[in-house]
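Engineer: Going line by line, the protein sequences match chains A and B.
Mapped onto this note's numbering, the consecutive letters of the first sequence carry residue numbers 1 to 112.
Mapped onto this note's numbering, the consecutive letters of the second sequence carry residue numbers 1 to 116.
None of these hints come from the bench; they were simulated from the model.
Just to be clear, a hint being listed does not mean it is correct.
Have a look at the derived ranges for each label pair, beta carbon to beta carbon [unchecked claim]:
| id | chain 1 | residue 1 | chain 2 | residue 2 | range |
| --- | --- | --- | --- | --- | --- |
| 1 | B | P69 | A | D77 | 46 to 52 Å |
| 2 | B | K79 | A | D77 | 34 to 40 Å |
| 3 | B | H5 | A | C40 | 18 to 24 Å |
| 4 | B | S65 | A | P8 | 29 to 35 Å |
| 5 | A | S52 | B | E26 | 46 to 52 Å |
| 6 | A | S28 | B | V15 | 38 to 44 Å |
| 7 | B | S29 | A | S109 | 27 to 33 Å |
| 8 | B | G52 | A | S28 | 45 to 51 Å |
| 9 | A | N22 | B | K79 | 39 to 45 Å |
| 10 | A | C40 | B | T116 | 40 to 46 Å |
All C-beta atoms, glycine included, are put in the ideal place defined by N, C-alpha and C.
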Amino acid sequence: RKEVEQDPGPFNVPEGATVAFNCTYSNSASQSFFWYRQDCRKEPKLLMSVYSSGNEDGRFTAQLNRASQYISLLIRDSKLSDSATYLCVVNRANQAGTALIFGKGTTLSVSS
Amino acid sequence: SQTIHQWPATLVQPVGSPLSLECTVEGTSNPNLYWYRQAAGRGLQLLFYSVGIGQISSEVPQNLSASRPQDRQFILSSKKLLLSDSGFYLCAWNNPAMSSYNSPLHFGNGTRLTVT
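Given the sequences, and given the hints that come with them, work out the whole structure.
Structural biologist: Below you can see the structure in the form of structure tokens.
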């Protein structure tokens, strides 16, 4: 099983839709979880950290399910500008703050 | 505030030539430093990370190497490039002194390497 796995998509949704991405990780001892956004041919940018209790930032909600070893990202009221690749990031277990492993990303395309 | 500089932005090199990519971080001390590579249409692959001067962890065996001669300087090198080394190389840092929730990676702008 890969360390971090994501459905590559693409997810094609209309403006205003709600869309959710999941990401699974293999090591139950992982402690740090993040969602990044990457636009075409650009460096990834931090979207949000994922806290144990779940957290929200505007239209974005992140959740962590330790028992099932997955994290999720929910985007409400999708905008055209949300079109991008969303990357799930998990730390290598027992090395908090060191090796951070990326999933291959889920591509979102929002259309008008 | 902290900044990360990575250069060059683009590079075209022939097969068999050497490579040196440099990355520097400003505004922080003793950062963790990382090199990632993203091949065309693929995910980010962790190549090397460093928790201190002279301390390098290699993730995959390949013809690349990394060095950290100074606290905030991270260099990616190769003696002889292969066609398969083409890709988007990204340097990143995070702060080991912060809690895990608050130590996300901050990326440089990347170097797009084409080996011909």
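Engineer: So, for every hint listed, does it hold in this structure?
Structural biologist: Here is what the structure says about each hint:
no., hint, result
1, B:P69 / A:D77: 46 to 52 Å, "holds, 49 Å"
2, B:K79 / A:D77: 34 to 40 Å, "violated, 52 Å"
3, B:H5 / A:C40: 18 to 24 Å, "holds, 22 Å"
4, B:S65 / A:P8: 29 to 35 Å, "holds, 31 Å"
5, A:S52 / B:E26: 46 to 52 Å, "violated, 33 Å"
6, A:S28 / B:V15: 38 to 44 Å, "holds, 43 Å"
7, B:S29 / A:S109: 27 to 33 Å, "violated, 42 Å"
8, B:G52 / A:S28: 45 to 51 Å, "violated, 28 Å"
9, A:N22 / B:K79: 39 to 45 Å, "holds, 42 Å"
10, A:C40 / B:T116: 40 to 46 Å, "violated, 23 Å"
In terms of the numbered hints stated before, the structure departs from hints 2, 5, 7, 8, 10, listed from lowest to highest.
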